[in-house]
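Asks: One-letter residues, chain by chain:
Protein chains: 2
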Amino acid sequence: MILKYFEDIEIGKKDTSGEYPVTSEEIIEFARKWDPQPFHIDEEKARLTPFGGLVASASHTTAISFWLLNRAGKGLAVISGLGWDKMRLPNPVRPGDRLSLTMECIEKRESKSDPGRGILRHSVVIRNQEGVPVSTFETTTLVKRRPASRSSGRAKPTRPSPEE
Amino acid sequence: MILKYFEDIEIGKKDTSGEYPVTSEEIIEFARKWDPQPFHIDEEKARLTPFGGLVASASHTTAISFWLLNRAGKGLAVISGLGWDKMRLPNPVRPGDRLSLTMECIEKRESKSDPGRGILRHSVVIRNQEGVPVSTFETTTLVKRRPASRSSGRAKPTRPSPEE
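Keeping their order, the protein sequence lines are chains A and B.
For the first sequence, this note's numbering gives the first residue as 1, with consecutive numbering after it.
For the second sequence, this note's numbering gives the first residue as 1, with consecutive numbering after it.
Hints are not guaranteed to be accurate.
For chains that are exact copies, the list does not tell them apart, and a pair is met inside one copy or across any two.
With a Cα cut of at most 25 Å, we get these calculated DSS-like pairs of lysine-lysine [to be verified]:
# : residue 1 : residue 2
1 : 4         : 112
2 : 86        : 108
3 : 45        : 4
4 : 86        : 14
5 : 13        : 112
6 : 74        : 33
No lab work stands behind these hints, which were simulated from the structure alone.
Could you build all of it, start to finish, from the sequences and the hints given here?
Replies: As structure tokens, this is what we get:
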């Protein structure tokens, strides 16, 4: 259900998610399929790496980020993600971690090509249960404007494009 | 098995992967768990969006990117991913697509903190079977230097850090 349009998000607005619990079983299962590096799938070998134990694949952390973004941004009228920037992994994600997300709107502008759309940029930080950041990035998202503010006679919606 | 160290990767070197086939079943299954937007999980509702049909979640495309990166970069002595930049999604990923990846080394430097390590930056493009780009980004990866080139008496390996 759509509760929040472009007009409802102010610069500086912060939203937070609930927690996502990370298990060694899921770290191994996810990485076996998508990113089978020894430090993601083999506890013995992981102990001998600089990490000193199993750590989640960045692809797994990204999937968890989307899970958390869906909750923190619940009800936002998303048309499409357009891009991600400056993704960093300042600390590893380990079994037993509980991750939560804070997103802050840092930029908003109307679409140049479609008056029914707007673009939001958010700064995102994911922290573990000790408040230690494990992933930071910026997202750019194409969202709907509130229908009442649309101009009439709008053309058929076009496919989302990075040139929005 | 490690076949390629920091010293083996030259700027301008290109590597390519095999293909990853994308199915509607996997698009829906992945997104149900991680990113349950209607245009990722519901064919009927997806038809009514600007995409005109099911498209893969960017989190799914990212997971597939890692699968392809493991193949294109096979044997590279990875210690840790450090970050991703400028990720864009110029075109949607749809059921039936076959994705492949090209990575090109665009920068390399020795670690400031550890003579046994080096940092590689790659420009990555993922294309579908028609050669249309669906995801582009840059990766920064911490890798081992060839053991023979290490200085002796090195301290115990430290945890990978973004300040490398």
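Asks: For each hint, tell me whether it holds in the structure or not.
Replies: Structure-based check of all given hints:
1. Proximity of residue 4 and residue 112 under a CA criterion of 25 Å is satisfied intra-copy only: 21 Å inside one chain copy versus 46 Å between copies.
2. For the identical chains of this complex, residue 86 and residue 108 are neighbours both inside a copy (18 Å) and across copies (18 Å), given an alpha-carbon limit of 25 Å.
3. Taking CA atoms no more than 25 Å apart as the test, residue 45 paired with residue 4 passes between copies only; the shortest distance there is 19 Å, against 46 Å inside one copy.
4. In this assembly of identical chains, the alpha carbons of residue 86 and residue 14 lie at most 25 Å apart whether taken from the same copy (19 Å) or from different copies (23 Å).
5. Only within a single protomer do residue 13 and residue 112 lie at most 25 Å apart by alpha-carbon distance; the minimum there is 23 Å, versus 38 Å between protomers.
6. In this homomeric assembly, residue 74 and residue 33 come within 25 Å of each other (Cα to Cα) only across copies, at 15 Å, whereas the closest approach inside a single copy is 29 Å.
The structure agrees with every numbered hint stated previously.
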